[in-house]
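Peer 1: Here is what each chain is made of, one letter per residue.
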Amino acid sequence: MPFGNTHNNFKLNYKVEDEYPDLSKHNNHMAKVLTKEMYGKIRDRQTPSGYTVDDVIQTGIDNPGHPFIMTVGCVAGDEESYEVFKELLDPVISDRHNGYKPTDKHKTDLNFENLKGGDDLDPNYVLSSRVRTGRSIKGFTLPPHNSRGERRAIEKLSVEALTSLDGEFKGKYYPLKSMTDAEQEQLINDHFLFDKPVSPLLTCAGMARDWPDGRGIMHNDNKTFLVWVNEEDHLRVISMQQGGNMREVFKRFCVGLQKIEEIFKKHNHGFMWNEHLGYILTCPSNLGTGLRGGVHVKLPKLSTHAKFDEILTRLRLQKRGTGGVDTASVGGVFDISNADRLGSSEVAQVQLVVDGVKLMVEMEKKLEKGEAIDSMIPAQK
Amino acid sequence: MANSFTRMMSGRHTAVILASIGAGTLASGYLLSDHVAAAAERTRLYPPSADYPDLRKHNNCMAAALTPTIYGHLRDKKTPNDWTLDQCIQTGVDNPGHPFIKTVGMVAGDEESYEVFAELFDPVIKDRHNGYDPRTMKHPTDLDASKVTSGMFDERYVLSSRVRTGRSIRGLSLPPACSRSERREVERVAVTALSGLKGDLSGRYYSLKEMSDREQQQLIDDHLLFDKPVSPLLTAAGMARDWPDARGIWHNNEKNFLIWINEEDHTRIISMEKGGNMKRVFERFCRGLKQVEHLIQERGWEFMWNDRLGYVLTCPSNLGTGLRAGVHIRLPILSRDPRFKRILDNLRLQKRGTGGVDTAATGDTVDISNLDRLGKSEVELVQLVIDGINYLIECEKRLEKGQDIKIPSPILQFRK
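Which chain is which? The protein sequence lines are R and E, in order. The numbers in UniProt numbering rise by one with no breaks, and the one at position 139 of the first sequence is 139. The numbers in UniProt numbering rise by one with no breaks, and the one at position 194 of the second sequence is 194.
Quick caveat, the hints were computed from the structure, so don't treat them as lab data. Quick caveat, the model's predicted, so the values are computed rather than measured. We treat Cβ as the ideally placed atom computed from N, Cα and C, and that holds for glycine. The reader is advised that the hints may include incorrect statements.
Rough simulated footprint, nothing fancy, chain E against chain R, three-plus residues with beta-carbon under 8 Å [said to hold, decoys possible]: (1) 12-21; (2) 139-152; (3) 210-217; (4) 226-237; (5) 248-259.
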């Protein structure tokens, strides 16, 4: 669909050296991988919907990054992007996902019964539990590329599917465009509402076009299950609740996802998935499970321990502030979640969170009593 | 006349290009037919009515003019550079505007945009430029500075004088659309031409990418440096892509003649100095412009211009002369007078803060410049500013002495 650099054939009249971007000051996965030779090789290609390599990399060119934080620097415009621009995306995926090879297979496991434990995290420390993922709907291009017509079709299909859910999933859809002030206030207070993206990582990739057209939020009556429509991905599915019963959160997550998927399949628009990359999403960092399962947990002593970051790395966990990615922690409360997305299943990733957080709470309790935790430090998982 | 190079740039056929890179296309496994079939399927699934933007909360010229019928006619058209209507209007869709401020809401990607999408551009131009009808009217160009009179202001009131315009290089796409190589080509063409300037106009180029910290600080202190655009009006139109690649500033040794390269337009040309000698500022402006034009013509390039729209620039608001001539002026009494706005309106003048568009005034100093761009020549507009500023100074002097002032009658829009 028309956006950005789609007048690609015209650019081919210029030499590769003249078109190749200047990435000398850049620190992102795309910049590390994209040589002039590679660019020359893939620049005349387009996916069936007309997405080109310049579309894929624009966000990485416009956002040179930070010496300490390595962003991905490229996005997919449709399912086929990952095939057509393999030369670029396979090494990016490998760099981002711990050496994942083009021949590797990804395991999907959404059977919540396979999770061990997870219902007994100490609520004095674990304040809330949350699992999120994304899903893309086959037959449509992705948020960086889609037209208004496609985005609206995605919304229409999603609303139909989501408002047909029953039981604990029964709920209501709020389109961003026609939300009342009262509804908006309530959704902000519930910590549900998403904003128009301001991060240049997202806006330079074209995901904020036509805002708020086609965007909205669905949540169930209990406010424990919600779906964002047409933000950074077609769908972002979130299950959350206060306290430490991650098992219940994950169960609701799996059951809800499967119900939604059935409805989409009936309309011949299943989710984008393949056995190499798992669930296909806009950003290569979210391939595989697209799953971030985590808790808000009070760790004032452990978080100031010299080995905190090392413990997290060994447990394959990641810390964030309580506002989500790129925010600071408040009052010793951290957001702890799985670091991996691709190469391990949903159950395995949530298991790491459950086991890891349980261990860290025990460490915190030890430190409160003035005891050492060195013997508890785990081996690399 | 455009040489063969510019002709090649402006009218190509996709089939010819694809044939010449046929081997590469086949090897990649995606034949032309795949892409064409997919495009046809999308057109069938998503007719223009499915893609028509929701403009009900919008207040800009594009939203006022774009009916579903016009959208239906234009959505599937492309310029010879493959630029589309959706790309022209994206900035207006993403920026609904403000009830009090009506922005334009669309940009051109290339010279041909104004022709291919004339059905939308023409009413937008008419709306923005006070009824100027590109279908029937002609725009006059006049850069003969000797015709201007009384261009020396009272420096107890006027602190500085400035004239700016933009120029686009024919054959290269405009900032919303240009590829990196086109942008670098604009930089090369402009910098090569500017290096040929002599005498009081000779100077040097500072590339944004290679500027040292010291140079950067000096340019900021001299009020010459431009920043990466942050306004969503500009970023949503794609003008900030690849920043700071191929952007830079050229200025002469006296620092009173400068060129911005690849900011919102291919080039922005500025002549300025402290004090009230607007005549000299304009004279240097015209002389510099003519010399730069001559220097690029020597190498087979030319500026985008036609007698319908004058100088062709990225934003329709800058068509015609693209000229903003103005002063920083202190009018402590008049600026607080309730009649001030009406006086400015009738004189076809506009006030801005001392930081330029969308900024506030500092102290009593305000930026006053011409409102109009299209339908009057450069000489006419600068004369209008000169006469208007002189009138404002007269009003201020009268108010100082406790005398009354008159609101002038409104100036006519276009000459017959």
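Peer 1: Between the region 139-152 of chain R and chain E, are there enough contacts, at least three residues with CB-CB distance under 8 Å, for the coverage claim to hold?
Peer 2: holds (count 5)
Peer 1: Tell me if chain E covers the region 12-21 of chain R under the three-residue, 8 Å CB rule, please?
Peer 2: holds (count 8)
Peer 1: Given as covered by chain E, does the region 226-237 of chain R meet the bar of three residues or more with CB within less than 8 Å?
Peer 2: As far as the region 226-237 of chain R goes, the hint is violated, because 0 residues have Cβ atoms under 8 Å from chain E.
Peer 1: Holds or violated: the region 248-259 of chain R covered by chain E, criterion of 3 or more residues with Cβ-Cβ distance under 8 Å?
Peer 2: violated (count 0)
Peer 1: The region 210-217 of chain R covered by chain E? Criterion: 3 or more residues, Cβ-Cβ distance below 8 Å.
Peer 2: Since 3 is at least three, the answer is holds.
This entry does not satisfy hints 4 and 5, going by the numbered hints stated previously.
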